[in-house]
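Position chain B relative to chain A; hints supplied.
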Amino acid sequence: MRSHMKFAVPVVVAALALSACGTRGEEPGAGSTGGDGAKKTVKIGVIAPLSGDLSALGKGIQHSVELAVQQANAANAIPGWEIKVEAVDDEGKADVGKNGATKLAADDDVAGVVGNLNSSVSQQTQPVFAAANIVQVSPANTGPSLTRGADGNTRPYKTFFRTCTTDITQGAFAAKFLLDQGIKKVATIHDKKTYGQGLVQYFTEAFKAGGGEVVVAQTINPDESNYAPVVSKVAPAKPEAVYYGGEYPQAGPLSQQMKAAGLNVPLMGGDGIYDPTFIQLAGATSEGDFATSVGEPTDATEAGKKFLAEYEAAKFAEPSAAYGGYSYDAANAIIEGLKVALKDASDVKSARQAIVDAVGQVSFAGVTGQVAFDEFGDTKVKVISGYKVEGGKWTFVKSENLG
Amino acid sequence: MTDLLQQLVNGLTLGSLYALIAVGYTVVYGIVQLINFAHGEVFMIGAFGALATWTLLFQGTTALWVLPIMILGAVVASVTVAVVMERIAYRPLRGAPRLAPLITAIGISVALQEAVRLFYPGAKSKIPFPQIDVVTGPALSFAGVTVQRAAVFTVGALLMSAALLWWFVNHTRTGHGMQAVSEDKDTARLMGVNVDRIIVIAFALGAFLAAIAGVAQGLLNANVDFRMGFLAGLKAFTAAVLGGIGNIQGAVVGGLVLGVAEALAVGFIPGQFGGSAWKDVWAFALLIIVLVFRPQGILGARVVDRA
Chain A
1 MRSHMKFAVP VVVAALALSA CGTRGEEPGA GSTGGDGAKK TVKIGVIAPL
51 SGDLSALGKG IQHSVELAVQ QANAANAIPG WEIKVEAVDD EGKADVGKNG
101 ATKLAADDDV AGVVGNLNSS VSQQTQPVFA AANIVQVSPA NTGPSLTRGA
151 DGNTRPYKTF FRTCTTDITQ GAFAAKFLLD QGIKKVATIH DKKTYGQGLV
201 QYFTEAFKAG GGEVVVAQTI NPDESNYAPV VSKVAPAKPE AVYYGGEYPQ
251 AGPLSQQMKA AGLNVPLMGG DGIYDPTFIQ LAGATSEGDF ATSVGEPTDA
301 TEAGKKFLAE YEAAKFAEPS AAYGGYSYDA ANAIIEGLKV ALKDASDVKS
351 ARQAIVDAVG QVSFAGVTGQ VAFDEFGDTK VKVISGYKVE GGKWTFVKSE
401 NLG
Chain B
1 MTDLLQQLVN GLTLGSLYAL IAVGYTVVYG IVQLINFAHG EVFMIGAFGA
51 LATWTLLFQG TTALWVLPIM ILGAVVASVT VAVVMERIAY RPLRGAPRLA
101 PLITAIGISV ALQEAVRLFY PGAKSKIPFP QIDVVTGPAL SFAGVTVQRA
151 AVFTVGALLM SAALLWWFVN HTRTGHGMQA VSEDKDTARL MGVNVDRIIV
201 IAFALGAFLA AIAGVAQGLL NANVDFRMGF LAGLKAFTAA VLGGIGNIQG
251 AVVGGLVLGV AEALAVGFIP GQFGGSAWKD VWAFALLIIV LVFRPQGILG
301 ARVVDRA
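Taken in order, these protein sequences are the chains called A and B.
Numbering-wise, my numbering puts 152 at position 152 of the first sequence, and it's gapless, one number per residue.
Numbering-wise, my numbering puts 29 at position 29 of the second sequence, and it's gapless, one number per residue.
No lab work stands behind these hints: they were computed from the structure.
Where hints are given, some of them may not hold.
What the hints assert, rightly or not - Here are the simulated lysine-lysine pairs, DSBU-like style, with alpha carbons at most 30 Å apart:
{"no.": "1", "chain 1": "B", "residue 1": "K124", "chain 2": "A", "residue 2": "K103"}
{"no.": "2", "chain 1": "A", "residue 1": "K339", "chain 2": "A", "residue 2": "K349"}
{"no.": "3", "chain 1": "A", "residue 1": "K40", "chain 2": "A", "residue 2": "K84"}
{"no.": "4", "chain 1": "B", "residue 1": "K124", "chain 2": "A", "residue 2": "K98"}
To be verified - Listed below are several chain A residues computed to face chain B (Cβ distance under 7 Å; list not exhaustive):
{"no.": "5", "residue": "I220"}
{"no.": "6", "residue": "N226"}
{"no.": "7", "residue": "V230"}
{"no.": "8", "residue": "A261"}
{"no.": "9", "residue": "Q353"}
To be verified - Partial list, derived from the structure: chain B residues whose beta carbon lies under 8 Å from chain A:
{"no.": "10", "residue": "D3"}
{"no.": "11", "residue": "Q6"}
{"no.": "12", "residue": "G122"}
{"no.": "13", "residue": "K124"}
{"no.": "14", "residue": "T136"}
{"no.": "15", "residue": "L220"}
{"no.": "16", "residue": "N221"}
{"no.": "17", "residue": "G267"}
Glycine included, every Cβ here is placed at the ideal spot set by N, Cα and C.
Chain A extracted, bound-state conformation (with noise of 0.2 Å):
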């Protein structure tokens, strides 16, 4: 054993000086290729989900970045630089999230990131790029807290923003939805996760204050597939409605079994639920379950339908899914930011800060509407949508500007 011990340290030591010198010798070569006429480089991060449940929503985001950058590398939108696309994947957890936020972080070239998906992973992720002063712009986070703060009035995090609105207005949204349809009994379920908890917290508040009545809250464990004894502890309520706070892969089957055990009343969920995928997992008996999403749809607008037209052009193998326009808006905030703030860098390591300030200013017309964010780094764009399912397919009903 004394033996190994006496190879094994030099060994290690030895191993230790090769890598160092492997990573210093590298980064001239990546960073600062300046002169010469070839170009810089700099690169945008993406953090979501690309792999997992949630894998739908996450592989959306990364191709709308891909397309926002290939746009604007085709259009030399920042003279002298390249602009790359870092794709990591969370898997829709808090410590993977982070683990690949520091591993972005720790990547000099990035000047900037679009993610996370889930508010959880980016109350993970939120400091690791504060701490590296890299703007991180999220397309599709919609809890409060990430803003402002668990007092509502503090922005934790100078270099977080978002294109998406919050859970307090699409909370609102849904609350009046149900409201207008004369439903005044709901049951509220969650998953217990930041987002689930947040939104049925801003629902519940709304529709009491609408006159509404909850008569039952309940969670289930996002980890199980069976949902029954929650659905029998909901059912003698006698709600006529069902408020889910969560994401499709649970949903989906809690709509379903919610209907085989004879409670026949609609569920409604939040933007989490608003994708094919629920449909598919809940069935036929879906038809009449209702959610709500941030913004328009996406195929509403011109600025939509020119996105989509060209999202599909670039032939990505996965669709853009919900948040496709607001993480290409997400993107080119980022770039707008980039052509202010780099214009004059000789490296992105030391312009962060200036990125930072920079995505703090923009104002231009995105798929979305304008994208322009307010002191606290929440978009100005207060829109949101309500859908139901009718006839296999998700259909916009109507939508309203709450800002």
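Frame of chain A; chain B shown alone:
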């Protein structure tokens, strides 16, 4: 009262699933004293086998007659995996220290999960399971208690499987051979029992029941995914220990008790510690209490005492 009956129905349904899987743990343990932690994955493979059979042969059909063929597909998939697993992973370790096959089992479990995730089309996320007529659809209602059709199938499947298994173990030559091997392997071998064959049969029997459980869970939850075996396997193992590991009746009783305990915890424990968030805590608390006062499990472990 209706609430109580309703949660009992839910509990018995869930418990039947646990029981079907738990039998596989117990049969194998009774014969070779091995906790086959990959058994949850055998259950998962069964569900995917049924799904694959349906997708390949009957895509779009939901008539009842396809169900037996789906079950057959599930059984073939599960039994094949279990038998191959025994042959390549456990048999070479027959004489090895106890820990070696245990770690191997965990390794196989992870390998099978990842294999399905990587190679089954679309298995990276949940896949909808076909809804077969008669056994799924609108719930039945008895005096205010709603019973899912798939629940009737699940409980029925447990009753039939348990009866068949009981008959097999007590009334066939092979069954007697199994009892002999579980009592004393060496003597059984001297009496002319082919021990290797009996062990393979034990694995196959467990896989058979797990396959049926896989189909039942698919029908109940209307979806399957590659991780479904992990939690189900853990719960079923708990059920087997609760009832008395190595004891087939014990596995059935343990499964039902565990399922009912979970459902009642959701239904009747009020406040912060109730609801589905805490049901696993109560289920495992029950296990601990039973093991403190009755370490051999509810019906008693059938571990042979060699003096």
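Cross-check of the supplied hints:
1. B:K124 x A:K103: Within the cut-off at roughly 24 Å; holds.
2. A:K339 x A:K349: 15 Å, holds
3. A:K40 x A:K84: 10 Å, holds
4. B:K124 x A:K98: 22 Å, holds
5. I220: 6 Å, holds
6. N226: 5 Å, holds
7. V230: 5 Å, holds
8. A261: 5 Å, holds
9. Q353: 39 Å, violated
10. D3: 6 Å, holds
11. Q6: Interface hint status for B:Q6: holds (5 Å vs cutoff 8 Å).
12. G122: 10 Å, violated
13. K124: OK, holds: B:K124 within 8 Å of chain A, min 6 Å.
14. T136: With a minimum Cβ separation of about 7 Å from chain A (threshold 8 Å), the hint on B:T136 holds.
15. L220: 6 Å, holds
16. N221: 5 Å, holds
17. G267: 6 Å, holds
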